[in-house]
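Trainee: Residue numbers (our numbering), protein chains in the order written: chain A, 94 to 424; chain B, 94 to 424; chain C, 530 to 1050; chain D, 1040 to 1334.
Derived by calculation from the structure, the hints in this document are not laboratory data.
Possibly wrong hints are sitting among the right ones.
Said to hold, decoys possible - Straight line, CA to CA, 25 Å or less: simulated DSS-like cross-link-like pairs of lysine-lysine:
#1 C/Lys-968 / B/Lys-290
#2 D/Lys-1269 / D/Lys-1153
#3 D/Lys-1121 / D/Lys-1044
#4 D/Lys-1297 / D/Lys-1139
#5 D/Lys-1189 / D/Lys-1153
#6 D/Lys-1318 / D/Lys-1269
#7 B/Lys-96 / A/Lys-203
#8 C/Lys-891 / A/Lys-203
#9 D/Lys-1139 / D/Lys-1113
#10 A/Lys-290 / C/Lys-968
#11 B/Lys-203 / A/Lys-203
#12 A/Lys-290 / C/Lys-709
#13 A/Lys-97 / B/Lys-203
#14 A/Lys-96 / B/Lys-203
#15 C/Lys-661 / A/Lys-290
#16 D/Lys-1189 / D/Lys-1314
From a predicted model like this one, the values you see are computed outputs, not experimental measurements.
Spelled out, the chains give:
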Amino acid sequence: MSKKDLGLLILILVVGTVVAIINPRFLLPINLANTSNLIGLFGILSIGQAFVIITGGIELSVGSLVALLGTLFIDFIAVREMDWPLAFVLIIALGGIIGLVHGWLITRLKLQPFVVTLCGLLIYRGVARFYTADGTAGFAFGQNFPELEFLAAGRSWGVPNSFIALIIIAIVMWVVLHRSVFGRYLYAIGKNEEAAKYSGIRTGRIVMAAYVICGVLTALSAIYFAMYTRSISPASHGQFYELYAIAAAVLGGFSLRGGEGSLIGVILGTVLLQELQNLVNLLGIPSSLNFAVMGGVILIGVLVDQQWGVFRARRLMLEATRKGAAGAAAE
Amino acid sequence: MSKKDLGLLILILVVGTVVAIINPRFLLPINLANTSNLIGLFGILSIGQAFVIITGGIELSVGSLVALLGTLFIDFIAVREMDWPLAFVLIIALGGIIGLVHGWLITRLKLQPFVVTLCGLLIYRGVARFYTADGTAGFAFGQNFPELEFLAAGRSWGVPNSFIALIIIAIVMWVVLHRSVFGRYLYAIGKNEEAAKYSGIRTGRIVMAAYVICGVLTALSAIYFAMYTRSISPASHGQFYELYAIAAAVLGGFSLRGGEGSLIGVILGTVLLQELQNLVNLLGIPSSLNFAVMGGVILIGVLVDQQWGVFRARRLMLEATRKGAAGAAAE
Amino acid sequence: MAQRLLSGMMNYSDTSIVASAPFLSLEGVRKTYPGVVALDGFSMEVRAGEVIGLVGENGAGKSTLMKILGGVTRPDTGTITVDGLAHDGLTVEASIGSGIAFVHQELNLFENLDVAANIFFGREPLRAGPLKLVDRAKLRTQVAPLLKRVGANFSADTPVAALSLAQQQMVEIAKALSIKARLVILDEPTSSLPIAETDKLLDVITALKAEGISVIFISHRLHEVERVADRVVVLRDGMLAGTLSKSAINHDQMVKLMIGRMLKEREKAAESARAPGSVALSANGVRTSAYPDRPVDLDVRHGEILGLAGLVGSGRTELARVLFGIDESFGGSLLLDGKELVLGSAADAVASGIFLVPEDRKLTGILLDLSIAQNISLPNLSAHARRSLVSASAEAATAEKQKSNLGIRAPSVATRTGTLSGGNQQKVVLAKWLAMNPKVMILDEPTRGIDIGAKAEIYGLMRALADAGVAVLMISSDMEEVIGVSDRIAVMHEGQISGILDREHFSQENVLLLAVGKRPK
Amino acid sequence: RADDKPTLAFVVNGASDFWKAAEAGVKKAQAELPDYNLELKYPEQSSVAIQQRLMDDLVTAGVKGIMVSAVDPKTSTDGLNKIASETALFTTDSDAPQTKRVAYIGSSNVDAGKQAAEIAKKAMPDGGKCLGFVGLLGADNAKERIQGMKDGLAGTKIELIDVRGDDIDQARAKKNVEDALVASPDVTCMVGFYSYNTPRIYEALRDAGKLGQITVVGFDDDPITLGGVKEGTVAATVVQQPFEWAYQGMKLMASYLKGDKSGVPADGLIIVPTKIIGKDDVDAYAANLAAMSGK
Ligand SMILES: Nc1ncnc2c1ncn2[C@@H]1O[C@H](COP(=O)(O)OP(=O)(O)OP(=O)(O)O)[C@@H](O)[C@H]1O
Ligand SMILES: Nc1ncnc2c1ncn2[C@@H]1O[C@H](COP(=O)(O)OP(=O)(O)OP(=O)(O)O)[C@@H](O)[C@H]1O
Ligand SMILES: [Mg+2]
Ligand SMILES: [Mg+2]
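The following block holds chain A by itself, in its conformation from the complex (with noise of 0.2 Å):
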């Protein structure tokens, strides 16, 4: 765990209990139940973000994302009656192409990932929005899918399935970035993509990958969020949703340039800012307010990292300094 990480696992920690001494209730099982539920949901997607992101890419579109692929997914099982495992795949699927496409435009076809998929942001919504004539999907009174709903809503031992499934895919994906040739590849990309390329490696190729993980994990949490909501207004759901997972990312020590980040670091900036949406229920401070505390947490935090590495650099100069003058008054 970087130094980085540590610092934000601290604030968390300490935030955590500050709320508690305030309100005991915040240490309820099922309060922290609830509130890992939506860690695991926005930790999936964030993670999706975070591997866009390590390329010196943005993928502003997850948010529209999870409003149209979680309107097709309730469409097909609740609508269309399709059996939700090839519901489940399709979506996913369907995900994996998108963000497939959105790889190949920008790697082939030489567009900024920031136009590429501010432009899907725009699109998905609306064709969600057409789909469903603006409209809601929903599932209608009664209508259940047992082992769907214990796999994506349910709970095991106390622990909400989803964050269970955000531990696992953040295992593994740990992995994959930090120990795998292929994050290896993303970091090198991230920082200077023309050396990659003088290098022989196909960086299109691993660029689309990081493209398509992103999609299929973004259509994982749509349909998590799908299930979590049960229904869905496309010209609301999943609004700003990008906004969370790239805030986490940063958060998470993520640079917007590239080839910086870990993954421990976006799972606890998602817990972050989980903890904060908490906290102001829990607290009772005005809901408007939501937004800018959000805000003003991810500004101090990224200050005081920011601050804290040139105090650190600075004290070691000065600490230097005063030696060399000790040294040298000796000599």
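Here the structure of chain A is known, so what remains is to put chains B, C and D with the ligands in place on it, guided by the hints.
Mentor: For chains B, C and D with the ligands alone, kept in the frame of chain A given last:
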């Protein structure tokens, strides 16, 4: 006018012609006036964004700023009964100060523009909502400000004054960006900030100035928007306007990597976006597809531009080869 | 394998018997860029175990040729035959696959990865299993000997971001060695290496040759080429100007083929026309971030060229950055013409007439996307503007003047500097400062990657500056250059000035002794 | 496009299932008004600027009459008057009495809030603490419903202690309920002020195993809400009748344009009262709903 800008202009004219053929009411003076009013509003916003994008930065908080500053402006003149010129000056100054703070955080404390302005996006809207206690800021019935209303929402010779304001601002900003020393510095910094610094340019100040310009223009457009809607629900007012502004700049040939783009481009980008919105409403396309149409056109525009560039480069290359071969044969 | 080794050894013992089929041959290779013919029907061959020195003026087409071999660019016409297999053009993978290793002129390392990861990048040892996990232990054991071989003084897990430019160049070389290559291309690998490291590199080349590996070695330091090359290929304007076999290789011949005439390079620069004047810039107890515990005292006088020598990482670049106001100084003070000078930024330095030609051209020297004229006018834009509006004609006029003064090779002053060859880019960096009035001119490796003709011109320019009363501080790792050009030589050792030599004490030995912290004789 | 036929537009305030019933009403009216083109328009976002622009464009396109559920009627007087000066303007859902609109057809959100209070009083004769959930705390309809409920509860032992907003993010809407269950264990009743809030309350309670223990007061007729009413886990729901607004409104507009102004009362207010749907009425209501939308 560059080739790129010319291409965009032609696209605008072609789309306009097609729409006018399908629905001749498109050309009614009232429709043109309505649309050019909105072009004026969004154009001012987009020019501000363009100045930041040139430096390789981004300003994501403009939508929230439009909400916050608009709320304050209406509150100042409608509730606190301040003289409107005073309120006007205060709001513009506030926009400038916020821009300055962003610039300061970015250049002095070395935070990433995306992060700083993302936090701004979250914070300013929260503050606006808190300020009105999640209510609406608006004029009471019969409250009128004749001069202000004439300047902000009136027409001169049938042309909306907001559009005239845009033209004046555009001319001034064109000179600043394309002819002045400051403009050259902006481009240089966008291309390679380090090298600009090594050439003795005070890059920090220049970048800060860009954010201040963006803040001031955003404040101006916030006032225009406030006078256009005459009522502001901070929770939704101006939402996604940053995306409009960025999209206009990108359509206009700006690169988010910095150092590229022209003022005429960003204006034409705004015109195209507003034309599209007008078209969706006039041709009776479902409004749910509004954003999808916008996204699709941006994507196609950028794609064509990109592929056209590749094509031209390839042709030049081939020509050079052919000429060279002919020369060699002649020898 | 054994046979290859054997033939390699034979090559080594007697170069004249090399008659085996060439490993690589180029036929009529032509490459054009808009407005420039970089290579014009060039042909050459490389045999196994042969060291080829490739020389030519800036912009002659050397790097272009190597980029074609590395698969980075495709030639317009011509064939490349590797190991009997003919290609129209190579891809990076094909090039690596045929055993060609390439150290680029501009460094291509990943700052966020450590040294080991960089050296084996793209060829990581893998653990068993389908996941393609990196075998980190194996990687470490493989890297250690390579680092030793290039004489690295840093460990395998250092992040590249923490290395100096020269150290990074060592990493690049270690990387080339790590490839089981049959041909190693070194594009100006020594351009920022000081003498000790250069020696090590030349030894590495000799050792490669002994293993039957071919080497193409590009350098503007002709004596290095003389030392290791079996054959010298000279490029001029994209065409083959001539080939010199081992016995015919000598400095003057190479120069003659390169520029078509003989040259007396350093004589012009050597003698100072005037006695040095008063102290221009004086650093008192300045500390830099590289060595915050070591104060530096240094005076540069009007009208002199002060050479600043030292080993890799001795802190010269850091000192230059402090003197130019880019980095802050930790304590100490600066005096300019006896007056206290406080530098908050490079802009302050420029305003008081202190200019820096930085060592990293691509990142800090010039703006590759701007034209020559725009680069030259950038530091002094207000002089090219009326009421804050830039006058393109004034810019062009200044640039034209500098272009002809310095002999910058480009279609016009509106050419993008990114398309110029390295040497011509360096001239643009110089030009932008020469167009203003320097008081103190700091040059960090000013002739890095500059051809011999241009070098002479730059030396001449430096001397002319000094004669006009400018204080010139020249940081250089090129021993000949330091001794040949300077009026005095200051030597740095681990962040401190270990001694200053006057002209009568100039010798390679003295400089080297000071550089390692010993007393000169 | 049938340009020869005059067009009447029904402009809603944002995309929501609530307006699906209105769409059915428009459709039914269309069948009875062959001389007109009727259309229902969703603005792409629930914002004053975008709705204003949509109406401007509709006027440009030659629309003869507009019935609008204004995003912010209180302060949009000038914008609405501009539309009213060029076409026949009717308001629905929430009125803008100070404008030159011809008439208002809709219900009273304050009355709806009072009816919600009736439900709560009936379900909790011994009093209790209520927590409300809503999308946009600042929106007029939310404020009026909340106010109405508070008025209706005045003087009883039931209290509406807080209302949490979710910015129309349904994931947050559900999490708000979950958090409320943790933060305020003494709450005995929950009120969903927007159509999707009640289903989210229902599901969060179901997940927590508290269905039936907490009184749920609903608004509108989401299928889950109606299901809960039928099941008995939702006390009752207050429904408006957007179908009637649209159906009656479009017909009124058509006859008004033909010159028959008799349908417009002197005060310009046509109130379609809201109804309480309890366990006993729910089947009939659902059947009627299905019949109206032609399903
Ligand atoms: N990408 C490019 N676009 C246009 N022109 C180019 C490009 N790359 C190289 N050139 C031109 O091709 C010619 C040969 O350049 P090259 O880099 O091969 O020279 P070089 O011999 O390596 O010089 P140096 O010793 O300065 O490194 C130069 O005139 C250069 O300006
Ligand atoms: N970014 C950096 N981070 C950490 N250490 C650095 C950094 N840059 C340089 N150093 C260290 O500072 C020391 C001085 O480096 P500097 O570049 O000044 O040396 P130099 O004398 O100019 O040598 P050369 O220019 O030949 O590389 C070296 O030990 C180097 O490793
Ligand atoms: Mg070269
Ligand atoms: Mg150096």
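Trainee: Does each hint hold? Answer for all of them.
Mentor: Comparing the hints with the structure gives:
1. A hinted pair counts as satisfied when its Cα atoms are at most 25 Å apart, and C/Lys-968 with B/Lys-290 qualifies at roughly 19 Å.
2. For the given pair, D/Lys-1269 sits about 22 Å from D/Lys-1153 by alpha-carbon distance, which is consistent with the 25 Å threshold.
3. Only pairs whose Cα atoms come within 25 Å are accepted, and D/Lys-1121 paired with D/Lys-1044 is accepted, the gap being roughly 23 Å.
4. Only pairs whose Cα atoms come within 25 Å are accepted, and D/Lys-1297 paired with D/Lys-1139 is accepted, the gap being roughly 19 Å.
5. Using a Cα cut-off of 25 Å, the hinted pair D/Lys-1189 and D/Lys-1153 holds, with the two alpha carbons roughly 8 Å apart.
6. Using a Cα cut-off of 25 Å, the hinted pair D/Lys-1318 and D/Lys-1269 holds, with the two alpha carbons roughly 5 Å apart.
7. With a C-alpha separation of about 20 Å, the suggested pairing of B/Lys-96 with A/Lys-203 holds against the 25 Å cut-off.
8. About 23 Å separates the Cα atoms of C/Lys-891 and A/Lys-203, which keeps this hinted pair within 25 Å; it holds.
9. A distance of roughly 13 Å separates the Cα atoms of D/Lys-1139 and D/Lys-1113; the hinted pair therefore holds under the 25 Å criterion.
10. With a CA separation close to 44 Å, the supplied pair A/Lys-290 and C/Lys-968 exceeds the 25 Å bound.
11. Proposed proximity of B/Lys-203 and A/Lys-203 is contradicted: the alpha carbons are some 29 Å apart, above 25 Å.
12. Taking the CA atoms of A/Lys-290 and C/Lys-709, the gap is near 19 Å; set against the 25 Å cutoff, the hint holds.
13. For the given pair, A/Lys-97 sits about 17 Å from B/Lys-203 by alpha-carbon distance, which is consistent with the 25 Å threshold.
14. Taking the CA atoms of A/Lys-96 and B/Lys-203, the gap is about 20 Å. The hint holds against a cut of 25 Å.
15. Restraint check for C/Lys-661 and A/Lys-290: the C-alpha separation of about 19 Å stays at or below 25 Å, so the hint holds.
16. A hinted pair counts as satisfied when its Cα atoms are at most 25 Å apart, and D/Lys-1189 with D/Lys-1314 qualifies at roughly 18 Å.
In summary, the structure is inconsistent with hints 10, 11 from the numbered list given earlier, while agreeing with the others.
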